[in-house]
Amino acid sequence: MRCRLAALLLIFPLVAQAAPLTPNEGAVAFTGTLTDGDDKSGSFTIEALLKDGDFTGRGRIVTSDYTVEGNITQGFLENGRCSIRIESGRAHGDISGKCDSDKIEGQFETFYPGGGTKLGMASGTGQTMGGSAAAEAVPLPTAKLTCAYQDRKVSFKWGEPIQYSLSFSNMGSLTLTPTGSYSSGSSAEGRFVRTGDKIKLVSGPWAGAVGSVERDRSGEPAVIFHIEENLRPDGAHLVDPYTTRCTRSR
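For the sequence shown, position 221 matches number 221 in this note's numbering, and the numbering has no gaps at all.
Hints should not be assumed to be uniformly reliable.
Calculated pairs, DSS-like style, for lysine-lysine (alpha carbon to alpha carbon, straight line, at most 30 Å) [unchecked claim]:
1. K144 - K200
2. K98 - K144
3. K103 - K51
4. K51 - K200
5. K40 - K200
6. K198 - K98
7. K144 - K40
8. K144 - K51
9. K103 - K40
10. K200 - K98
11. K198 - K144
12. K144 - K103
Listed next, with one range per pair, are the computed distances between beta-carbon atoms [to be verified]:
13. T67 - A188: 48 to 54 Å
14. K40 - R232: 41 to 47 Å
15. D38 - K144: 49 to 55 Å
16. G219 - S167: 21 to 27 Å
17. G208 - T31: 33 to 39 Å
18. T175 - A18: 21 to 27 Å
19. T73 - D234: 33 to 39 Å
20. K40 - Q150: 18 to 24 Å
Just so you know, the hints here were simulated from the structure itself, not pulled from any lab data. Cβ atoms here follow ideal geometry from the backbone N, Cα and C, with glycine treated the same way.
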């Protein structure tokens with residue numbers, strides 16, 4: 001019986017299961033097809049590094065009329081969704097949708113001077129290259145941090161883009177101490193533990209929340225509560241509906 005099973009495994013090797021992308025997944029690639037509102041086809045390829053929840057790299061979006069190829073100027077992973085913008089001069093293209101290690105399914109939007117805007121559906125396969133992007137050691141921020149997230153309003157009207165706005169977190173603010181205590185909002189307090197560049201709030205009103213100690217875009221230490229790490233078993237968010245960034249006020 002064992003010999004027969006081994007033989008079957010040689011003929012039909014086990015297929016790797018798709019896995020959620022992590023904020024520090026490392027090198028990833030997506031390639032796939034596009035279908036615009038006129039049922040015309042196109043294609044896209046993206047090669048990027050996923051680190052601290054952000055994509056950097058290059059991409060190429062080909063529609064029936066024109067091509068946008070250039071650097072990723074804005075890209076992030078949030079709520080199991082990838083959002084990637086490619087720009088080349090005034091031309092730009094966006095690919096966004098649900099994504100994991102095997103696929104991406106969602107929408108695309110492109111703009112080209114003189115060619116206008118195209119919208120449609122995007123569908124493709126994903127590939128991870130192995131080896132997570134190591135997050136550098138960051139000192140614990142002990143100054144009072146202001147916590148906020150990027151809220152978004154999705155319009156269901158054809159041609160209207162997603163609108164983003166900054167919203168203050170339910171947490172309000174966060175202050176950590178070297179002795180392992182934290183305070184949030186006006187008076188809420190609790191304890192946290194740190195392992196590497198991860199902190200876990202183990203008591204108080206935000207018990208169970210997991211944050212990453214990272215540098216913000218200015219280089220200052222910050223705490224990021226990635227939504228992928230802060231979902232309850234039923235899918236409800238523990239902190240905010242999107243990734244929360246607690247940064248030093250300036």
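Practice item. Confirm or reject the claim that G208 and T31 have a C-beta distance inside 33 to 39 Å. Key: holds, 38 Å
Check your understanding: Are the Cα atoms of K144 and K103 separated by 30 Å or less?
Key -> violated, 40 Å
Point to revise | C-beta pair T175, A18: status relative to the range 21 to 27 Å that was hinted | key: Since T175 and A18 have Cβ atoms about 39 Å apart, the given range 21 to 27 Å is violated.
Review point. At the C-beta level, are K40 and R232 separated by a distance inside 41 to 47 Å?
Key: holds, 42 Å
Practice item. Compare the distance between the alpha carbons of K144 and K200 with 30 Å, and conclude whether the hinted pair is satisfied. Key: holds, 18 Å
Check your understanding: Are K103 and K40 close enough, with their CA atoms no more than 30 Å apart?
Key -> holds, 21 Å
Check your understanding: Regarding the pair K40 and K200, is the alpha-carbon distance no greater than 30 Å?
Key -> violated, 49 Å
Exercise for review: Mind checking the alpha carbons of K98 and K144 for me, to see if they're no more than 30 Å apart?
Suggested key: Answer violated: K98 to K144 is near 34 Å, above 30 Å.
Review point. Taking only the CA atoms, is the gap from K200 to K98 under or equal to 30 Å?
Key: holds, 27 Å
**Study point:** Satisfaction of hint between K144 and K198, Cα-Cα up to 30 Å
**Key:** Answer holds: K198 to K144 is near 18 Å, not above 30 Å.
Point to revise | Pairwise beta carbon distance, G219 to S167, judged against the given window 21 to 27 Å | key: Holds - the Cβ-Cβ distance for G219 and S167, about 24 Å, lies within 21 to 27 Å.
Check your understanding: Taking 48 to 54 Å as the hint, is the beta-carbon distance of T67 and A188 inside that range?
Key -> Distance hint for T67, A188 holds at roughly 52 Å.
Hint violations for this structure: numbers 2, 5, 7, 12, 18, 20, all remaining hints satisfied.
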